[in-house]
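If you want the building blocks of each chain, they are given just below.
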Amino acid sequence: MMSSSRSSLAFWLRLVLVAFIFAALEIYGRFYADPAFMSPPSGIFRAFVERILPEPKIIEALFLCVLQIAAAYGLSILFGTLTGLLVGATSFSRSAFFPIVLLLFAIPQVSLLPLVILFFGLGPAAKIAFGFSHGVFPIIMNVVAGMRDVKELHLRAARSMGASRSETIRHVILPHAVPSLFTGLRLGMTMTLLGVILAELYVSTGGVGYYTRLFAENYNPAPLFALIGCLAVIAILFNELVRLAEKRLTPGLRRSAALTNLVKE
Amino acid sequence: MSESAISIRNVSQRYGDAGAPDSVLALDDISLEVRKGEFVCLLGPSGCGKSTLLNVIGGLFKPTSGTCHVAGRLVDGSPHPDKIAFVFQESTLFPWYSIIENFRIALKFQGIPQSEWDDRAMQALKAVGMSSFASHYPDQLSVGMRQRVNMARGICVETDILLMDEPFAALDEQTRMVLGEDLSQLLAATGKTIVFVTHSLAEAVFLSDRIVVMSARPGKIKTIIDVNEAHPRSPDFMLEPRFSELRNECYALLRDEIRSTMAAQRDPQSAGA
Ligand SMILES: Nc1ncnc2c1ncn2[C@@H]1O[C@H](COP(=O)(O)OP(=O)(O)O)[C@@H](O)[C@H]1O
Ligand SMILES: [Mg+2]
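Protein sequence lines correspond, in order, to chains G and X.
Read in order, the letters of the first sequence are residues 5 to 269 in my numbering.
Read in order, the letters of the second sequence are residues 9 to 281 in my numbering.
If we strip away everything but chain G, and leave its shape as in the complex, we get (with noise of 0.2 Å):
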């Protein structure tokens, strides 16, 4: 009971302060503001409704944009998993192979966009594979973690019980590594979209980086900020559908919260 008021509490606390925030924005941008850096939130709003909807070269970018942000994304999950789970196999190969992932994710990535956008062209390729290559290396990281943290008494157990290699991996290694396979995909989706978007700012001749470009340089703010708000719906989502994965797919996070804290005794 008691927690239940407390976190309606607080979500109406949120609202209040999320409003608040916008009124302020509102007040700001309506009466004091220049109109050629921003615009209060009703402007932007009638900016999404008149100027981005209706214009269907812009929405063709922004579906575009999810589109090579699943793409890459995608790519990211299967190379980033694989590559993870060999490396993590065992401590030699993890030994062997480890540093050399944690070289390249080193390497500030922002550097060689010029490169691989020279390599790609500046079609979709060039984002996915921009994306892609900021996306893999966290998944890559935490499967590895993952696998490396498995506790010795688990294993020493698996083994007394008469578990071989193969059982222990399928039973307790990666079970183990779940949580954390998690974390780097949470991560790597966070990073896929900033590989992309990135991408798009840098070089676009009609996607969602060209329209930014043209509305900043042309002083336009409302519709800027409606074309950047779609992207923060888009990431938004994106985030939730990992989100519901793992909360589907972890054991143990099945159960809902209410029955623990009945049976703790």
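There could be a bad hint or two in this list.
[As the list claims (entries may be wrong)] Calculated cross-link-like contacts (lysine-lysine; reagent style DSS-like; alpha-carbon spacing at most 30 Å):
#	chain 1	residue 1	chain 2	residue 2
1	G	Lys155	X	Lys134
2	G	Lys251	X	Lys116
3	G	Lys155	X	Lys91
Hints were generated in silico from the structure; no laboratory data involved.
Everything numeric in this text was worked out from a predicted model, so none of it was measured.
Since the structure of chain G is already known, use the hints to place chain X with the ligands on it.
Here is chain X with the ligands on its own, set in the frame of chain G:
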């Protein structure tokens, strides 16, 4: 003369290469016979090699020298899950599996046919009064409940020998005593051979037929104390003068060991002196 279930002969275990600065002689020439159906406690200061000895018996690794036979079979660094089950601390339950799944996986690893898994699991859970928690996850249970389940998991595989490594270490004193009583009840019926590691004096006296008191590093057997008291034991046993006499005897034996360990930790030079 009763049949020997576990026969340990001249077992030594050294971690690291002899001569290396960080090399540790954990067990030094240990010989011990454990009779069938006997409850033996290994008691000793922390770090004296109790777990090491238990792991050698369980075949988790091969000792540096010496041999260990279980039911006449040489244990040579590979586990015999059909003969020997381990019970470690309660945190050994796999947190990603529900209680019933934890049992299934133990039975699967051991090679028991799938058709028997759930019957055996429920029977073992009933025996410890936890059958209504079969579909819970370990972290939904209290530490005491988890250890009850963990004990049941060790028992459900129905091996002749049970090796328990400080199973109650994470529990508070009261829960520990209650679970100790349960264990005594549970095992009186089964006739299992048990080697139980503990550093609790009361636990050792309450549960054991024989207490093997070990000395600090390098681990040697210092004395073996007989506790002549039939199983299952009731809590009244703890009130008898004999109980405190035995407990005090163990304490006197251990006190010197613990003092010398502490001295060694304070000043490595004086350890050999
Ligand atoms: N895998 C290992 N590698 C090196 N030293 C170890 C290892 N396991 C145990 N030891 C050392 O051997 C000694 C005995 O350990 P252990 O058998 O765990 O003692 P106990 O269970 O009595 O506390 C300790 O000094 C410990 O540091
Ligand atoms: Mg130990």
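Here is how each hint holds up against the structure:
Taken as a hint, the Lys155 of chain G and Lys134 of chain X pair is honoured in the structure, with Cα atoms around 29 Å apart against an allowance of 30 Å. Among the hinted pairs, Lys251 of chain G with Lys116 of chain X is consistent with the structure: their alpha-carbon atoms are about 27 Å apart, no more than 30 Å. Between Lys155 of chain G and Lys91 of chain X, the direct Cα distance comes to roughly 25 Å. Compliance with the 30 Å bound is thereby established for this hinted pair.
Consistency note: the structure conflicts with none of the earlier hints.
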